[in-house]
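> Residues per chain are reported as follows:
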Amino acid sequence: MTEPAATDRSTISGPAPSGPAAGSSAGPADVLSGVRRVRRRDPVPLGAGLLIAVVGCLVLVVMDGSYLGLTVTTGVGYAIVTVGMVLQLGYSRQLAFSQSVFMGVGAYGTGVLETKYNFSSLESLLAVIALAAVAALLVGAVVTRAPGLALALATLILPLFIYQLATFSSWLGSFSGIDGVAPFWTGSDYTATLVQTGIISAVLLGLAAGIVLRVMRSGIGLQLMAMADDERLGESIGVSLRQRRLEVFVLGSVLAAVGGAVLASVQGIVTPDVLSETSEITLLLMVFVAGRKSVTGVILGAIVIEYLTTSTSFISTNLGIIEGIALLVILLVEPDGVAGAIDRLLGRRTDRWAASLQTWSAARLGTRGQAAQGARGGGNGAGNAA
Amino acid sequence: MRETPPEVNANGSSAGSDQPAPGVGPAVLACHDVTKSYGGVLAVDSVSLEVPLRGLFGLCGFNGAGKSTLFNLLAGSVTADSGSVQIDGKDATGWSAMRRARSGVARTWQTVRLAHGRTAVDNVAAACLQNPGQWMLASLWRPQAAPARERAWAALEKLGIGHLGGQLVDGLTLEAQRLTELARAIVSEPTVLLADEPASGLSATQRSVLAEALTTISEDRAVVVVEHDLDMLTSISGHMWAMVEGRLAYSGDVETFRASPVHARLRGIEQA
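Chains as they are written, first to last, in my numbering: chain S, 209 to 594; chain D, -8 to 263.
Each hint should be verified, as a subset may be incorrect.
[To be verified] Just some of the chain S residues that point at chain D, by a computed CB distance under 8 Å:
| # | residue |
| --- | --- |
| 1 | Gln431 |
| 2 | Val447 |
| 3 | Ser448 |
[Stated by the list, open to error] Stretch by stretch, here's where chain D covers chain S in the computed footprint (C-beta under 8 Å, at least three residues):
| # | stretch |
| --- | --- |
| 4 | 418 to 427 |
| 5 | 432 to 444 |
| 6 | 451 to 464 |
These are calculated hints, taken from the structure and not from any lab test.
Every residue gets a Cβ at the ideal spot worked out from N, C-alpha and C, and that includes glycine.
Can you make the complete structure from the sequences, with help from the hints?
Okay, here's the thing in structure tokens:
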């Protein structure tokens, strides 16, 4: 076997100016651009989840049961759903539109268990999580076999079907829905009840965000990243596409159900509207306007859009038209939403700062090296920084 | 070391083409009489070959000769119409690409396939989880990402691009992207690497860097390289296969290949 000519591998570089200078594998510029960070331990996004929960609690305590507090708490319910959608639609690019259905499973499940079977809030929440997980496993085992567009179409049919089912079922309260759902935490009066229920909702949101961030930053997250870009690539590196698709579907659906349970608990009533296609479009708007890949973005997006749709009569009256147009514009102009646009702007700026810093540091180190050589009377070149 | 087989009929016939390639140890990957057709066109026609434990093996042929289809058949990306594939002596004919990858068959593609918007080290780390089939729920308390990234850094450094590990792959040169793909392919310590036109689009200098990397990789595993650059391929390979119209037209040592009519025909096309 003939050996190829020896080659200097230090010439392999990234693009100028962020890549290292050609032929300078140990130079100062390289030291800066080739920062190797090895983390011995996996990042635990407990801090992020905790921060979201604490900020949410504080905001709701400050709002002290006002109408705005109710709106924000409702937004928190939607935010739990959209956080799951970040993993599904944003990170894994799983085109599934069944979140409103599972939100309905959570809301109706809570309503039925509490009003018909006298479950406590905690019991009904746990039961709803289990119910949604089993339902998502059964539905997901079938629909996630379909790739891309077929999966989107299959899950798009679900809200239509389930909505009809809910409106025709007298057991589910038909068009009136189920009234009298108990709050998570009953206080001495309405204000205290709203604040306390809001605190539980914020804690659930923090937990949901922590779980999603943990998955995205894990090895499984790396696999999801690879298969999201290219499924054949994912398979070729040993990723089980069926397993991962199903897991993402189940996790997204369970979080949607938890969000639904929060909505039922906050509003005290469950109506078929939660299952409608308009509800799914509202969720998509919350995710895409804010930025489908940003957990913080979709939380803020859910709360802001919930506020806009309930506080302005013009928007609430023309909700369908406004949401449709807004979603269309976002998808055409900035598919990564506000968070994507901010990221890009900040990225460009940080790239410029990094390049300037790199040049400045390289020049400084070079000057010092020359000065040191000068002090040694020119030296023999062995001590040259480069 | 196996005995070097005599040059098989190099005029387009595949007679005797199931002779094993010379290398170290038993065949880790083999196919027997695999055939694949697309809409009546035979892309691969009764091809048999064996890939030994270690060494670098070249696979060449005209465009449309069936090289990439053969790679897809070996890696499990497409299913053969007939014939069989063995991995480590086990019948892997019905195995998925995922199962073959987990059994030690790694590959790269003609066009670079990397996850955009992510760093080189993340792209490589995705391929080397200690437990790739781990349940998502279990990843909450055992995320596996940090040890995978450590292995990824080591693989990138082995190929001389450790200093680019932290950069987004979108901004890397084609050469660095190809090496990142190679690092991803070898990071899980596969037994066989199938490299499909890894030098495509690279300059002469970059090709020699790649050739050196492939040679290093082949020191402890089998590497099969599909390549149009015959000079590069014959300079690094210990054994050559050539495909013509879906059939294995040549299987033998490099020196004999250089004197064969298949080589002359390929050269003629290359020069034309």
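> Under 8 Å between beta-carbons, do enough residues of the stretch 432 to 444 of chain S, three at least, approach chain D for the coverage claim to hold?
holds (count 9)
> Holds or violated: the hint that Val447 of chain S contacts chain D, with Cβ atoms closer than 8 Å.
Holds, about 6 Å.
> With a C-beta cutoff of 8 Å, work out whether three or more residues of the stretch 451 to 464 of chain S approach chain D closely enough for the coverage to hold.
holds (count 5)
> Classify the hint on Ser448 of chain S as holds or violated, based on whether any CB of chain D lies nearer than 8 Å to its CB.
5 Å, holds
> With a cut-off of 8 Å, does the beta carbon of Gln431 of chain S approach a beta carbon of chain D closely enough for the hint to hold?
6 Å, holds
> Holds or violated: the stretch 418 to 427 of chain S covered by chain D, criterion of 3 or more residues with Cβ-Cβ distance under 8 Å?
Holds: 6 residues of the stretch 418 to 427 of chain S have a Cβ under 8 Å from chain D.
When each numbered hint is compared with the structure, no violation occurs for any of them.
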